[in-house]
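Peer 1: Going down the list, the sequences are from chains A and B.
Counted the way this note's numbering counts, the first sequence spans residues 12 to 491.
Counted the way this note's numbering counts, the second sequence spans residues 78 to 1621.
A couple of the hints might just be wrong.
In silico lysine-lysine, PhoX-like type, Cα no more than 25 Å apart, as pairs [to be verified]:
id	chain 1	residue 1	chain 2	residue 2
1	A	Lys329	A	Lys366
2	B	Lys414	B	Lys480
3	B	Lys1240	A	Lys333
4	B	Lys199	A	Lys150
5	A	Lys329	A	Lys439
6	A	Lys346	B	Lys915
7	A	Lys155	A	Lys204
8	A	Lys251	A	Lys150
9	B	Lys86	B	Lys1299
10	B	Lys915	B	Lys960
11	A	Lys346	B	Lys1238
12	B	Lys491	A	Lys336
13	A	Lys336	B	Lys806
14	B	Lys354	A	Lys336
15	B	Lys1299	B	Lys941
16	A	Lys336	B	Lys1238
17	B	Lys941	B	Lys1057
18	A	Lys377	A	Lys346
19	A	Lys439	A	Lys451
20	B	Lys86	B	Lys199
21	B	Lys354	B	Lys108
22	B	Lys1004	B	Lys1064
23	B	Lys137	B	Lys220
24	B	Lys1064	B	Lys1378
25	B	Lys480	B	Lys354
26	B	Lys480	B	Lys1380
27	B	Lys1238	A	Lys333
28	A	Lys336	A	Lys346
29	B	Lys1064	B	Lys354
30	B	Lys137	A	Lys333
Since the hints were derived computationally from the structure, they do not count as laboratory data.
Listed below, chain by chain, are the residues.
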Amino acid sequence: MGKPTGFLEIQRRDRGYAPVADRIRHFREFVIPLPENELAAQGARCMDCGIPYCHNGCPVNNLIPDWNDLVYRERWQEAIRELHRTNNFPEFTGRVCPAPCEAACTLNLEDEPVTIKTIECAIVDRAWEEGWIKPEIPKARTGKRVAIVGSGPAGLACAQQLARAGHRVVVFEKNDRIGGLLRYGIPDFKMEKHHIDRRMAQMRAEGVIFRPNTWIGVDVPARELLDRYDAVVLAGGAEKPRDLPVPGRELDGIHFAMDFLRQQNKRVAGDAIPPEEEILATGKRVVVIGGGDTGSDCIGTSIRQGAVSVVQLEILPKPPEKENKLLTWPYWPTKLRTSSSHEEGCERLFSVSTKAFEGKDGKVNKIHLVRVEWNQDEDGRWQMKEVPGSEFTLDADLVLLAMGFVHPVHEGLIQELGPELDPRGNVKADTQNYRTSIDKVFAAGDMRRGQSLVVWAIREGRQAARAVDEYLMGYSELPY
Amino acid sequence: MNHSGLPRKQGLYDPGNEHDACGVGFVVDIKGRKSHTIIEQGLEIVTNLTHRGAVGADPKGGDGAGILLQIPDRFLREECAALGIQLPPAGEYGVGVVFLPQKPENRQRCERILEDYVTAEKQIILGWRDVPTDNSTIGDSVKAVEPVVRQIFIGRGPNCPDQDAFERKLFVIRKQAENHIRDIPMDDPAAFCIPSLSSRTIVYKGMLMSTQVGEFYPELRDERMVSALALVHQRFSTNTFPSWDLAQPFRMIAHNGEINTLRGNINWMAARRHAMKSDILGEDLDKLWPLIAEGQSDSACFDNALELLVAGGYSLAHAMMLLIPEAWAGNPLMDEKRRAFYEYHAALMEPWDGPAAIAFTDGRQIGATLDRNGLRPARYLITEDGLVVMASEMGVLSVPEEKIIKKWRLQPGKMLLIDLEQGRIIDDAELKADLAERHPYQEWLDKTQIHLEKLAPEVAPMPPAEQTLLDRLQAFGYTQEDLRFFLQPMAASGQDPVGSMGNDAALAVLSQRSRLLYDYFKQAFAQVTNPAIDPIREELVMSLVTMIGPRPNLLGLDEGGKHMRLEALQPILTNADLEKIRHIEPRTHGAFRTATLSICYPVKEGVAGMERALERLCQAAEQAVLDGNNILILSDRDTDAAHVAIPALLATSAVHHHLIHKGLRTETGLVVETAEAREVHHFCVLAGYGAEAVNPYLALDAIAYLSQRFPEPISAEEAQKRYIKAVDKGILKVMSKMGISTYQSYCGAQIFNSLGLNQAFLDRYFAGTVSTTEGAGLAEIATETLQRHRRAFGDPLELRDSLDVGGELALRLRGETHAWTADTIAKLQHATRSGNWKTYQEYARLVNEQNERTFTLRGLMRFKFDRPPVPLEEVEPASEIVKRFATGAMSFGSISWEAHTTLAIAMNRIGGKSNTGEGGELPERFKPLANGDSMRSAIKQVASGRFGVTTEYLVNADDIQIKIAQGAKPGEGGQLPGHKVDRIIAKVRHSTPGVGLISPPPHHDIYSIEDLKQLIYDLKCVNPEARISVKLVSEVGVGTVAAGVAKAHADHVTIAGYDGGTGASPLTSIKHAGLPWEIGLAETHQTLVLNRLRGRICVQVDGGLRTGRDVVIGALLGADEFGFATAPLIVEGCIMMRKCHLNTCPVGVATQDPVLRKRFKGKPEYVVNYFFFVAEEVRQLMAQLGYRTFDEMIGQFDRLDMVDAIDHWKAKGLDFTRILTKPEAAPGVAIYNCETQPHEIDKALDNRLIAEAEPALRTGRPVKIETPVRNTDRAVGAMLSGEVAKRYGHEGLPDDTIHIKLKGTAGQSFGAWLARGVTLELDGEANDYVGKGLSGGRIIIYPPRETPILAEENIIVGNTVLYGAITGECYFRGIAGERFAVRNSGAIAVVEGVGDHGCEYMTGGIVVVLGETGRNFAAGMSGGIAYVLDERGDFERRCNLAMVELEPVLEEDLALEELEHQGGDLETHGWVKVGHDLTRYDEQRLHALIRTHLHYTDSQRARQILENWSDYRHKFVKVMPIDYRRALQQLQAEKEQAEMRLTA
């Protein structure tokens, strides 16, 4: 275990960011890693709890105390081994995870949590650097073939696990590059894309075959997969964005966040965007509707593109700065969270609802808004009410809709296969065997659970892999 | 045929669990002059031992008493003549006392069988005589099973050349008749039994109270009845079932105590059957089997063994030394020849180990011996006219003082023998020297003894490469935790590792994971009926020496020097050691031959193959022995991808029992070479089931690998050495938990409870082990084993380069399941903080579901809602139910002030009870707070350390709880390291800041059930209003102990589960000792109901209770009250960090660190919320079950059922029939607590003392009282002191306000908890426990003026004097017994000699010994000072120097006169002055104390010393604890600095 008294002696120190003025000039990662000795010291803060709440808070159940201790003892190579036991892609989560583990950390109850995410990221970055990460090629192949539809974190995790269990795995991706949301949803300044490429290389060595530019249900009939493969895993994400059907929605300059973000990532990747398709914030007054992580990504991207101003709208009230930990810990609390993008210059409005868009020449230039109030009804449910007379407007040249996703896209694949859906429109499957209502078809990740975190997608991918393995072989020794 | 008085085995009740302890005594005329007076005196002794016995529900039904005499020839001759029987001359005939069945046909049958054997053995039947009995005074329960008592007279046959041969023949006849009749099913209330059959002695005994012996057998009052000796016994059994045959004396002995190693002793005796040959017994030897019948008491078994040895030609004394040897190993004071004697005999027989005072006789000699630890009292006196009186205590026979020439006691391991034919006393030294000289034992040893350590070195195999190591570790189920929590810390520190917060992981049988077979065995431990040992402080009695290889013929008296013997100093073998054994043949010229047997079998044979493999193994073992191999190594080194190993434990036990069965076990040694064993517990179970030595090669290989990766790397050899040392320490601790001191007797003793294994499996491979719940069998064990093997040699992704996570000790989500998880804790905390009932329900649902998902035994129980429900509003209110709740015993010290007082306030608010835990309570907490709250803990705990147990503390209790054991570490003591003893904790515990405190494993005033009864009496005297509670831990047999506790008049008993427990404990104990409470509680309720005792005692259950469902199941299984520890602690903020032992609790609960304590966020409201939530859940279940009141629900076993369909491959074999057997209560017998105990304190002498002291109590006016006293006056002064403390607190009255002068022999616990202001001056002598808990009073004891004895050479007070004394002073003119001033916190005492273990665990006070001390003085002494007069200059060898240093008493400057004269005259020279600045002024202090001693006792010794002070001063040695000096110097420096600041 770390150092018994470490938490009393050592202050939390986390990775810093490059100064705003510098970092908004490029699209690269701007996090400054901690020096090695500082990481060891931070690892020493871990108390190796009898019940590691972090380990429970983490969706993939990372063995956090175990590798914290190894980092404290500077046994990095063993640390990556322990980290990889539960997480196929710590370099992704080490960058983009909101770290529910840190909310659950016992030190967070009284103090500041251990810098778990930073340590995780450092372990895997170091391991790549040292060349410790090698393909894990199975000793024998089973001869079974598995198709995975979707190459986001769920699909990739599932593919890697299945390949290591000796199955022949093919990953289908409708986009031109592998990675799904990791590739085209998360801006490069949060996660550079070579991280994905490096994993692809490892997975190729392990026997995974990637088929980008293959849109199952559109380019290729899904039936074909059922014929040619022993199992099919649907891991296509929940890509249907929530829309805002108010007057003026049809105006130019109002876009879904993903369209905006994808374009920028392609640009960074060196692709040329046809001018008529370009969505750019450069020189514009940008309004981002939606207060979540995607909203933040839009802010950071807009600022880097040179927006004149950025305003973010949130319909919910402003959460408290500090939660009552006695009643929330170790769970994920509602509190005001300020992302690095927020720091880069943006205005945030809470309790605001959009009434209409107004434009000129078919192009948006103004948003009509109203303030709202939230009250609990008799059953304790929150009800929203507009505040009379509080209407106001904002100027806007570019409006980005970042209000989340409702469910997977139904057109194409799902319509063709016709698996049973849950009431929210997701593909129905449980978390024990991940099987859909269609024989040999499994579902995992956002496509099954609805929009969620990368780390949840990895969990589902891994667990679905075990379920598939068990389905194919009658038993499985993959971890559940 | 069994003891028909005992109920049959039913539910969990098993008559095999009975324990007893007793009063024992004898009187003998040394010259062998027979008289009737001796018999009368014998009867008087047994009558005066009445308080050491017990009665149960029937006030006239005793536990048994009896008397053994020489054959009264004249009486019998005349009686027989009247019947027409002509007796041959004395010595030529034998008399058998026979208990016969009541029904004539049965009786005749028994008589005929007996007669047939007499005839067959060619002896002469002279006739039968009816023994007149008068049962008018005995109880009905006893009468029902009363046997017909007859005597048979047998004449010596021509085939017996002499009386000894005749005695042997009678023995052979008796054994055959008993064995024959035992096997006949006979329907009769009374059982057949032959209490005696001898030409020398005769036994009159029965299921009697001591006073009834002479009444039941009127002929004992006949003047013609004469004897030169009378051996008497009064039994205290833990049950009340009349069993006439278990009354004592037996044929040769009367025993007070308990043989802990019984199971092993019986097995080993059986194992010898074929190896045993006797020239003397010849072919008769074969007729004796079974030598020891199953189902007898330990004493009866011992008697059987002794008889065999004597019949086989050993002298009585020799046989006793063989059975109960002194602690000979490592005793520098023992004579070389005597040591050789013992060492030689060690190979013949493993000790019968346990607390024992055994009086024995064959009619020609009579004597007594004490176990090596001296754990039972035995005092004796000798008169000028040749009478010796020996008894458990003094004062049992009125002998005029002026006739007594010697008063002494039996010392540990010593023997007293009176030879009536020689007409003299043979003392221990003479008798043992004589025996030791008889043969050249040392020479024999030199010829035959081979020490493993001294054999030439061998080369061990090299550890495998990393990947192979990993595969092997996985094959044997190693997890990362095994490396992290066990191997690494053990190899790094040489210590058995420590953990916190109990065990909440799934039971092995309920676990989804593959668990090792060891996990299905739980360690048994001593509670109440025998004491645990402190293996560290009392190391001198412990031994790990193991004998590997064949044993010599037990009865081969002249075969000395022929059998080679291999010994090892301890049983854990390095890989090189094992090679020495494997290749021993050439090195010992063929004396030893070793065969290695592989315990592996082909994987392809699968689960079913294991049974066949075991069979093959047993056959191979048998053949190997028959082929002349005398050491067998069972090895799993052949494990590979194609071969799986039978679990080493299973293989070992199977082979061990197979060889016992074949009578071959003592022909061979059994060594286990296994990869499996790594934890201390593993080695213990292997030893318990027969392994003489174990080589844990894989653990050692892993350590070699790890040692290079330590933060500070050490050599592989050093790491392995430390690991073995840690294992050894751990084994010693586990052995001592059960009170066993030698590995040799532990080996094969099977001191384990199985949990979750089925009986058929146990019967087959672990014979003698009992299953309470049924469960897994060979198929499941084999499945688990193969699962591990497949995971290791298959290719699971997770285990390719890493071990399984484990998760048993710290939760891991894919590891072992736990009850407390992030979610259950979060929900519980959120619910109680916000008062949200819905969140509580979520919590309860999670926990209850978890239980149902096979976590705990109760999880598998289901309510039977088979009665109409009642409306919720008609159910008893929650506010009543919460009164049944208590919080667990957690000391202020283990948890913070905030955490402790929050619980107390909360419990006082709801009318429940909080518990002080061990370590006292600050008096300011006794007063209510301004807002009406109270921080007073209603339950005051009295634990073995007795810290802070003052009179004031006791009178401020509602319940006084005697903690016998605690769930996390039953049978173990504790230690509070010096750095945790801050100023406040030191104040509460009456100790010194910075000085470590040790709680001994046993209560030194409870070595048996009768002692417990005494302590209950003492405490009841101090505070008659308080309920006296006894806390036990669940294990097989706990119900029987609880019945004994009820008979000892406890008002309350707590049955704790093994899983509870907070604070630091060795992981071995947390995980492996004790059983779940469901088993212990059910057994307790069943046994109490069968005994008709349930109504008078309140039963509390404790251990891992979390929800209302738990409470209801507890109630249905028989609990009145409920203890909660972990759950309320979590409510206060505990988050199960399991770091209590590190003092780093991040939520301020289990820490004394002021910084961390600030983080404490708990509030009493939260705790109140919790208990009301639980009560509400209880109410809802009650409504569903149809109960309006809680009482209706108690003990209704039939409302529970087992969940039918258990969807769990291992657990499906579980069967709760035994747990859920509802005991049939006789009509009118209560099954919940609704009656009170008869405490008999109204007869105490103190009632009169209080009346006479009334003026002093009321107004403080001094009073003087004079009174005679006798041994039946127990705890004199305790009740009076309670009165003082109630009115005046710990401060008490001014010195000597109540002066009581007594004359006579005081009973036990004289001056217990004597308060300040009370002086007891005793002209006479006292028994054990004088001044226990002394709280400021003064005790003076001197021998009567008229006695001719020299006070300084005779005993004046018994054992365990001043135990837990807080303050006060004592002057004893004479010598004290063992453990003088044990755990003394601050009293001052002067005494003229002490026995072994003087000043043990002392933490304060001053002891002056004006004479010799026994061995092991100052063991564990962390504070206080002792001055010992060391005239012979050998004190250093008797002193345990682990914690103390010896210094001279230096001559001091006369300038210090000033100090001496400060106090004025002696009358007021109180303790304050001598206690001033203990860092110096030794001479003045010592001189003053001796003067005071002289003043009070008129001691000649003191006078002589003072008159020759300059000669004597330098003969004194000062015993100074090292830590104490450091702490005192620091305190003194602080004080001086403060003074300087003041003056500056």
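Peer 1: Could you run down the list of hints and mark each one as holding or not?
Peer 2: Hint check results:
{"no.": "1", "hint": "A:Lys329 / A:Lys366", "result": "holds, 20 Å"}
{"no.": "2", "hint": "B:Lys414 / B:Lys480", "result": "violated, 37 Å"}
{"no.": "3", "hint": "B:Lys1240 / A:Lys333", "result": "holds, 22 Å"}
{"no.": "4", "hint": "B:Lys199 / A:Lys150", "result": "violated, 81 Å"}
{"no.": "5", "hint": "A:Lys329 / A:Lys439", "result": "violated, 34 Å"}
{"no.": "6", "hint": "A:Lys346 / B:Lys915", "result": "holds, 24 Å"}
{"no.": "7", "hint": "A:Lys155 / A:Lys204", "result": "violated, 31 Å"}
{"no.": "8", "hint": "A:Lys251 / A:Lys150", "result": "violated, 41 Å"}
{"no.": "9", "hint": "B:Lys86 / B:Lys1299", "result": "holds, 13 Å"}
{"no.": "10", "hint": "B:Lys915 / B:Lys960", "result": "holds, 23 Å"}
{"no.": "11", "hint": "A:Lys346 / B:Lys1238", "result": "holds, 22 Å"}
{"no.": "12", "hint": "B:Lys491 / A:Lys336", "result": "violated, 66 Å"}
{"no.": "13", "hint": "A:Lys336 / B:Lys806", "result": "violated, 44 Å"}
{"no.": "14", "hint": "B:Lys354 / A:Lys336", "result": "violated, 78 Å"}
{"no.": "15", "hint": "B:Lys1299 / B:Lys941", "result": "holds, 14 Å"}
{"no.": "16", "hint": "A:Lys336 / B:Lys1238", "result": "holds, 11 Å"}
{"no.": "17", "hint": "B:Lys941 / B:Lys1057", "result": "violated, 50 Å"}
{"no.": "18", "hint": "A:Lys377 / A:Lys346", "result": "violated, 30 Å"}
{"no.": "19", "hint": "A:Lys439 / A:Lys451", "result": "holds, 14 Å"}
{"no.": "20", "hint": "B:Lys86 / B:Lys199", "result": "violated, 40 Å"}
{"no.": "21", "hint": "B:Lys354 / B:Lys108", "result": "violated, 37 Å"}
{"no.": "22", "hint": "B:Lys1004 / B:Lys1064", "result": "holds, 18 Å"}
{"no.": "23", "hint": "B:Lys137 / B:Lys220", "result": "holds, 10 Å"}
{"no.": "24", "hint": "B:Lys1064 / B:Lys1378", "result": "violated, 33 Å"}
{"no.": "25", "hint": "B:Lys480 / B:Lys354", "result": "violated, 49 Å"}
{"no.": "26", "hint": "B:Lys480 / B:Lys1380", "result": "holds, 17 Å"}
{"no.": "27", "hint": "B:Lys1238 / A:Lys333", "result": "holds, 17 Å"}
{"no.": "28", "hint": "A:Lys336 / A:Lys346", "result": "holds, 11 Å"}
{"no.": "29", "hint": "B:Lys1064 / B:Lys354", "result": "violated, 64 Å"}
{"no.": "30", "hint": "B:Lys137 / A:Lys333", "result": "violated, 73 Å"}
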